[in-house]
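S.K.: Hey, can you work out the whole structure from these sequences and the hints?
Residue numbers (our numbering), protein chains in the order written: chain A, 23 to 185; chain B, 15 to 442.
No wet-lab data here; the hints were simulated from the structure. The C-beta atom is built at its ideal place from N, Cα and C for all residues, glycine as well. It is possible that part of the hints are untrue.
Unchecked claim - Restraint-style ranges between C-beta atoms, simulated for each label pair:
#	chain 1	residue 1	chain 2	residue 2	range
1	B	S28	A	E157	29 to 39 Å
2	A	N126	B	D288	21 to 31 Å
3	B	P144	A	D161	17 to 27 Å
As the list claims (entries may be wrong) - Calculated pairs, EDC-like style, for lysine to aspartate or glutamate (alpha carbon to alpha carbon, straight line, at most 16 Å):
#	chain 1	residue 1	chain 2	residue 2
4	B	K92	A	E176
5	B	K228	B	D150
6	B	K292	A	E176
Here is how the chains run, residue by residue.
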Amino acid sequence: MSELVVLVVEDEPEVRDAIIRDLDTYGDTIRLVEAESFEDALVAIREIESEGDFLGLVLADHRLPGRTGVDLLVTLNDDPTSRRIRKVLITGQAGQEDTIRAINDAALNRYIAKPWDAGKLRHVVTEQLTDFVIEAGLDPLPFVRDLDGPRLLEAFPRRGLTE
Amino acid sequence: MLAIFGAAVALWISEAIPLAATAVGIILAEILLVSDQAVLALAPQFEPNTYQSFYASLAHPVLMLFLGGFVLADSAAKYQLDRNLAGVMLRPFGSSPRSLLGGLMVITALLSMFMSNTATTAAMIAVIIPVTASLDPSDRLRVSLTLAVPVAANVGGLGTPVGTPPNAIALGRLADEGIRVDFLTWMVAAVPLMVVVLVFAWLVLTWRYPATTKAVDLTIGGAFDRSRPAIILYATFFLTIIAWLSEPIHGVPASIVGFVPVVVLLSSGVFTVDDLRKLNWHVLWLVGGGIALGSGVASTGLDAWMVGLLDWESMPNIVLLAALGLLAIVLSTVISNSATANLLIPIGITLATSGATDLDPLLAGLLIAIACSLAMALPVSTPPNAVAYATGTVATKDLASVGVLVGGFGLLLAVFVAPVLWKGMGLM
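M.R.: Dropping the structure here:
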């Protein structure tokens, strides 16, 4: 079965590990993938697509070696095939200008300031993935356990199964 | 026609193509092979049905009744009438786990008599999830609450003609044989059975999954929407149900009554064109394909041929009924209830009308439709079961044990007790 993927883009290994650790509470329907730069993230996205999995959320730090996290989110938003992916910035260093660009040009879904609260981070990820599953029209049932079950079930009858 | 029937069996069981695709495939095949527009020459003594009559299966009166049910149910969900009604009805049941479980089952069954079993289950399980999450993980009430919803929705579906597609398939085939069953008659026959099966299911659930908590807090819905479209919907909803139930007084068939809310809700903007686009049209087509298959089987004489294969005289009615019911429940445990009904109802009703047996056609139709709704032993048996299973609270063995007990009890009742009762009431 296809999996739902969260891509974590963060260059500092210990911060990346901390994010992954905080998110490692989901069941086996949700997979976490790591990347450390803009280019690395694009390679990872191609791999996820070639495996037939669905990238539901990119959780990116702003300051990365080379091009920034906001650049990455804008790039994803400009491409119709990746526009539906939910985008969250997790950073302590984005200036006002970058933040405005992320909102206007990348259609940023959420902004999480560092240091983050693990519970709030999980809540944001759960809500964003739930939105993605509903908007992308995936079968919501496999995700009822791990994501926002009541909201997924409301979307279920529209899948039009036959009794 | 035998080839068409064989292909329909293979495709509806294997689900190699969507169920609705098989349905329209049947209609096309019948038009090309056994209608007055057939591409190959037919035997000269054979009087084919017109090709229009096969197309007309897609707008059969019973489908118009179902369309009315769909429009009402979708509008009710849109304005949260379903949830808010459920909240009001649940209040008298208090907070003790046993009575709350009973209340949940009563409400789920009532809603699924008029809405699809799937939509009812999704709405009720969505309400149950926060409750089960708040209970102690070892409390078996979590399992019984989660199982109660699909069981009650499946059983509730058999209560009215619009409850679930197999009922429509049975009514459509019966109507084509000139046997008209009105809304109230169906309910008089099915509701007592539904109630007894629900009580039995409640006993099984409270016995197998005793609660450890003393009180549960379950609130559903909120304030009723008082906007103008919502009020129009409430009035249309209740007037339609009253008109369906009072057919013996006014004599207007349910399929005509059912078309009124379609017109009223669409023209008042309560139900928009966009909502219309989102209707489950494929379910109507699937039922239409089943009706076309039934009329093809009857018009080509395939029915007589099939009936002639066996010496039915030597088989007592009760054995025949039990065999039909068992076949229906086993088949629809693994494939769609509607597809099962589409395949078995033409056979069952043909056996009854052919004169080879003295089986009552209404009895055969009711029994097969009811048996289809009673199949709920696996997560894949019906979408309501799949929804409950997706929560992770119930295991396959829970569904299997409760499903076999409740389904088996219901089938025994439908085969051995209900026919006696129905005859006693003068229904057949």
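S.K.: Could you tell me which of the numbered hints above are not met by this structure, giving the numbers in increasing order?
M.R.: As far as the earlier hints go, not one is violated by this structure.
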